[in-house]
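> Chains as they are written, first to last, in our numbering: chain S, 1 to 317; chain G, 1 to 498; chain F, 1 to 112.
Calculated from the structure, these hints are not laboratory results. Careful, some of the hints might be misleading.
[Unchecked claim] For lysine-lysine, the following DSS-like pairs were computed, each having C-alpha atoms within a straight-line distance of at most 30 Å:
| # | chain 1 | residue 1 | chain 2 | residue 2 |
| --- | --- | --- | --- | --- |
| 1 | S | K94 | S | K75 |
| 2 | G | K107 | S | K174 |
| 3 | S | K285 | S | K187 |
| 4 | G | K376 | S | K174 |
So you can see what is in the structure, the chains are spelled out below.
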Amino acid sequence: MSLRPFLDVILASLVLGVAIFTITARDLFAAVVGYVAYGLLLAFVWIRLYAPDVALTEAAVGSGVTGVLLITAGKRLGALKDVAPDRQPGLALKLLTGVLAALVASALGAVILMLPDPPPSLAPEAAAAADGPGAGLGNPITAVLMSYRSFDTMLEKIVLILAVVGVWSVGADKAWGDAPAPLRQQKAYAPMVFLAQMLAPVGALIAIHVFWTGANAPGGAFQGGALLAAMWMLTMMARLAQPPRVDAQWLRLALVAGPAVFLISGLAGGVVAGSFFAYPQALAKPIILFIEAFMVLSIAVALPMLVAGPPSERQDQ
Amino acid sequence: MAGLATTTPGGYLLVLAILLPVVGMIASFVLGGRNAERVALGSTPFGLALACAIALDVGRTGKPIIYAVGGLPPPLGIALRADGISAVMLVAAAVIVAAAAFYAREKFATPDGVGESRGSLTFWIMLQAIWAALNIIFVGGDLFNLYVALELLTFAAVPLVCIDGRAETIAAALRYLLFALFGSISYLLGVALFYGAHGTLDISLLAQRVQPSPVVWTAAALMTCGLLAKTALFPLHLWLPPAHANAPAAASAVLSGLVVKGSFFLTLRLWFYVLPALATDKAAIVLGCLGSAAIIAGSIIALRQARLKLLIAYSTVAQIGYLFLVFPLAAGAQTWSAIGWSAGVMQILAHAFAKAAMFFSAGLLAEALGHDQIAKLGGAARVLPLTLLTIALGGLSLMGLPPSGGFSAKWLMLQASVASGQWLWTLPILAGGLLAAGYIYRILAPALSDDRISSASPPKRSREAIALALAAIAIVLGFAPQTFFDFLEIGRPVVGQP
Amino acid sequence: MTPSVLAGLTGAALVGLGLYGLILHPHPLRKLLAFNLIGSGVFLVFGIVARRGAAAGFRFDPVPQAMVITGIVVAFAASAIAVALILRLAAESSHVTLDPEVWSKPNGGDTQ
Numbered sequence: 001m002s003l004r005p006f007l008d009v010i011l012a013s014l015v016l017g018v019a020i021f022t023i024t025a026r027d028l029f030a031a032v033v034g035y036v037a038y039g040l041l042l043a044f045v046w047i048r049l050y051a052p053d054v055a056l057t058e059a060a061v062g063s064g065v066t067g068v069l070l071i072t073a074g075k076r077l078g079a080l081k082d083v084a085p086d087r088q089p090g091l092a093l094k095l096l097t098g099v100l101a102a103l104v105a106s107a108l109g110a111v112i113l114m115l116p117d118p119p120p121s122l123a124p125e126a127a128a129a130a131d132g133p134g135a136g137l138g139n140p141i142t143a144v145l146m147s148y149r150s151f152d153t154m155l156e157k158i159v160l161i162l163a164v165v166g167v168w169s170v171g172a173d174k175a176w177g178d179a180p181a182p183l184r185q186q187k188a189y190a191p192m193v194f195l196a197q198m199l200a201p202v203g204a205l206i207a208i209h210v211f212w213t214g215a216n217a218p219g220g221a222f223q224g225g226a227l228l229a230a231m232w233m234l235t236m237m238a239r240l241a242q243p244p245r246v247d248a249q250w251l252r253l254a255l256v257a258g259p260a261v262f263l264i265s266g267l268a269g270g271v272v273a274g275s276f277f278a279y280p281q282a283l284a285k286p287i288i289l290f291i292e293a294f295m296v297l298s299i300a301v302a303l304p305m306l307v308a309g310p311p312s313e314r315q316d317q
Numbered sequence: 001m002a003g004l005a006t007t008t009p010g011g012y013l014l015v016l017a018i019l020l021p022v023v024g025m026i027a028s029f030v031l032g033g034r035n036a037e038r039v040a041l042g043s044t045p046f047g048l049a050l051a052c053a054i055a056l057d058v059g060r061t062g063k064p065i066i067y068a069v070g071g072l073p074p075p076l077g078i079a080l081r082a083d084g085i086s087a088v089m090l091v092a093a094a095v096i097v098a099a100a101a102f103y104a105r106e107k108f109a110t111p112d113g114v115g116e117s118r119g120s121l122t123f124w125i126m127l128q129a130i131w132a133a134l135n136i137i138f139v140g141g142d143l144f145n146l147y148v149a150l151e152l153l154t155f156a157a158v159p160l161v162c163i164d165g166r167a168e169t170i171a172a173a174l175r176y177l178l179f180a181l182f183g184s185i186s187y188l189l190g191v192a193l194f195y196g197a198h199g200t201l202d203i204s205l206l207a208q209r210v211q212p213s214p215v216v217w218t219a220a221a222l223m224t225c226g227l228l229a230k231t232a233l234f235p236l237h238l239w240l241p242p243a244h245a246n247a248p249a250a251a252s253a254v255l256s257g258l259v260v261k262g263s264f265f266l267t268l269r270l271w272f273y274v275l276p277a278l279a280t281d282k283a284a285i286v287l288g289c290l291g292s293a294a295i296i297a298g299s300i301i302a303l304r305q306a307r308l309k310l311l312i313a314y315s316t317v318a319q320i321g322y323l324f325l326v327f328p329l330a331a332g333a334q335t336w337s338a339i340g341w342s343a344g345v346m347q348i349l350a351h352a353f354a355k356a357a358m359f360f361s362a363g364l365l366a367e368a369l370g371h372d373q374i375a376k377l378g379g380a381a382r383v384l385p386l387t388l389l390t391i392a393l394g395g396l397s398l399m400g401l402p403p404s405g406g407f408s409a410k411w412l413m414l415q416a417s418v419a420s421g422q423w424l425w426t427l428p429i430l431a432g433g434l435l436a437a438g439y440i441y442r443i444l445a446p447a448l449s450d451d452r453i454s455s456a457s458p459p460k461r462s463r464e465a466i467a468l469a470l471a472a473i474a475i476v477l478g479f480a481p482q483t484f485f486d487f488l489e490i491g492r493p494v495v496g497q498p
Numbered sequence: 001m002t003p004s005v006l007a008g009l010t011g012a013a014l015v016g017l018g019l020y021g022l023i024l025h026p027h028p029l030r031k032l033l034a035f036n037l038i039g040s041g042v043f044l045v046f047g048i049v050a051r052r053g054a055a056a057g058f059r060f061d062p063v064p065q066a067m068v069i070t071g072i073v074v075a076f077a078a079s080a081i082a083v084a085l086i087l088r089l090a091a092e093s094s095h096v097t098l099d100p101e102v103w104s105k106p107n108g109g110d111t112q
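Construct all of the structure, not just a fragment, from the sequences and the given hints.
Listed below in structure tokens is the structure:
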């Protein structure tokens with residue numbers, strides 16, 4: 001008698017329970033911590049859906065880095081002068097919204113149950129293309145991201161850079177060119193320094209491994225880059241490193257390295273391989289890994305800069 | 001249908017048109033400082049040339065240009081497709097972005113003595129990003145690719161709204177962001193359902209496979225709802241007036257003229273290219289009613305504004321309403337559908353140019369007179385004759401008086417309403433015209449009066465000329481020959497024909 | 001009930017829950033949290049579509065999963081921009097609210 005259906009139901013209830021907590025918690029910090037826990041539980045759901053790549057990304061970016069972002073935001077908000085207390089909505093509005101939310105959820109659930117059977121899928125096409133355009137990659141998701149739908153991935157890297165510029169643009173005029181405020185205001189906490197010193201190098205190695213192995217197994221540039229980003233953020237939180245100045249040339253080059261290399265190889269593909277963003281058959285896998293390496297660099301630099309925020313004139317000691 | 005997504009010669013132009021502003025963005029970011037501005041300004045003529053080349057190619061062959069990116073056709077790969085309306089929008093976007101770049105050159109130049117400034121770098125990067133995103137939207141053939149483009153557009157437009165750093169503009173930008181994110185996520189949910197139902201996101205393939213089913217209807221509703229939030233259709237328009245009114249003039253021109261048209265363009269793609277096989281009449285009527293409400297409400301609120309830029313922003317809300325009358329008027333394969341279609345595209349173009357010209361003029365007025373108050377505009381025509389002429393010409397198009405693009409659009413809409421028997425739509429069209437005359441009169445009447453005022457700093461002629469040129473284009477559109485309207489029909493799927 | 005169906009219904013519930021939070025919470029950071037919840041619900045819908053697309057020796061359809069990965073990163077970028085705006089708003093004024101009455105001035109003077 002299989003336990004799995006029960007486990008699935010328990011998992012689903014946990015996920016929903018923590019989500020409800022996140023929405024109804026009174027305190028912002030509690031809600032964010034709840035959200036991080038929710039993300040980790042969600043990673044388990046993704047594993048049950050046979051999506052380890054997504055589980056990695058969700059845990060690293062969806063709940064991990066987003067959690068750091070929101071906690072840092074909460075702390076910075078709390079450190080500002082007294083923010084006016086919010087007006088809580090009335091009971092009537094709560095009931096109305098509750099009904100609306102329930103209707104939306106039920107309609108969506110009903111529609112999901114009506115999805116066609118047999119379900120349409122591009123898996124056969126992906127399997128057929130695996131040796132050709134798929135560059136013989138063992139991980140079909142990497143093949144989709146870097147070959148079949150590489151245009152999407154390239155655009156997404158551009159979106160990341162644009163988000164960094166957008167975050168920087170919100171800073172004060174006078175502070176332009178300076179570094180963002182440190183991720184941790186007080187003196188470094190000794191166990192944290194120890195953790196950073198021990199974990200960061202190991203984490204960096206694991207990150208590179210996750211990226212490298214993503215060609216044939218779950219993993220890839222996004223997951224590896226996110227892990228590397230986390231290690232950098234860890235060292236910044238332990239005050240072993242400081243956020244760099246936003247006009248630093250190396251920072252800007254590192255940020256654009258991924259999309260720039262992607263663009264160059266995409267344009268070159270037009271000349272060499274007959275179509276923009278196509279790869280020459282024999283060199284496809286090495287080129288893909290080459291591009292991904294620079295993508296890892298760009299992601300590893302972009303994510304912490306997004307968390308660090310705009311340049312700030314108030315520099316800590 | 002074989003050859004649905006085979007690359008046509010000339011397809012490479014589509015990729016180049018997208019990648020030019022992208023490369024510009026990256027170069028501006030890395031080179032920084034004054035180079036950002038040089039890159040942006042320098043790339044505008046090339047972008048315009050590419051857009052014109054695409055238009056010429058589509059016109060010459062009479063068929064859409066197609067490009068399968070990576071040489072891999074859909075459903076596994078992504079296709080880019082430029083048909084008649086894509087080409088026209090590409091050219092319009094290139095012209096307006098170029099105009100905004102040259103207009104804003106003085107205001108957003110890096111100040112002397114500083115290597116790089118926040119406002120300047122942000123403006124040039126965001127402007128190019130908006131241009132890149134719009135180009136993808138106009139030629140994109142894959143719904144998820146278009147989602148990424150929509151996000152790019154939002155992330156580029158939001159910082160422009162709050163570029164001056166004041167608290168009100170930041171609040172406006174934040175509200176814009178939240179509406180836009182709600183729109184994106186609703187759109188994305190629709191995409192998920194479409195894929196779940198039909199296994200592809202390519203627009204042409206979906207059009208072949210789509211069946212009327214609850215899943216498809218829900219997906220279409222979700223995507224439309226998301227796009228309506230981004231296009232600021234009544235009642236989801238609340239974010240637009242503060243955002244567009246408080247942004248700098250060049251940014252407002254691009255935001256009102258182009259950015260909201262991007263999400264509207266996608267709504268057209270969804271309804272006329274993906275869903276024509278479905279019986280969408282009732283839904284089209286709903287959209288038409290919302291559009292009519294937008295026309296009336298937007299115009300009435302515009303009449304009551306005291307600030308010039310807020311008036312123009314509410315005018316945008318009203319003119320967007322006209323766009324949604326396309327849905328009931330261009331549906332199906334009747335003789336009047338082509339008229340309705342032409343009307344809709346003409347309205348997009350005329351409004352884009354007229355509104356951009358209006359915002360440029362408002363910016364020039366504010367800089368010269370030092371304020372934004374309509375009541376204190378007395379005698380401005382003596383001091384700034386060219387600017388007031390621009391407002392008059394732009395207003396002509398917004399009101400829908402001949403000869404102007406706006407008049408063509410509204411005249412065609414009236415023709416289509418009457419020919420299709422849906423003559424009720426004539427009422428909001430005519431009422432909107434009258435109300436628009438009201439608020440344009442509110443601007444022009446004091447300006448043309450005999451008061452004597454002096455201007456603190458008269459604007460440069462070149463900037464006035466740019467604004468005037470855009471208004472002139474809005475007027476010249478009114479003389480578009482029939483070949484122009486035939487061009488708009490290229491690539492448009494007609495129900496009942498393969 | 002297969003895991004896909006269960007996950008799909010969970011996704012639908014999360015979308016509803018997130019919508020509730022998005023509309024009701026006055027604080028923008030809480031709205032952002034709720035929006036992230038909606039996002040993860042939508043991604044779950046992609047996920048079940050992917051799982052149902054198991055075919056040709058694969059246990060999943062890789063295309064929707066790739067879209068989810070892209071979507072997660074884009075959603076994070078959106079959150080980062082929203083956070084930057086919220087913090088700046090709080091620094092510029094003592095209100096962290098989107099309530100329009102707080103921000104609209106009576107129709108009186110500012111230059112652009």
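> Are the hints correct? Go through all of them and say.
How the hints compare with the structure:
no.	hint	verdict
1	S:K94 / S:K75	holds (28 Å)
2	G:K107 / S:K174	holds (18 Å)
3	S:K285 / S:K187	violated (46 Å)
4	G:K376 / S:K174	violated (34 Å)
Violated hints, in rising order: 3, 4; the structure is consistent with all others.
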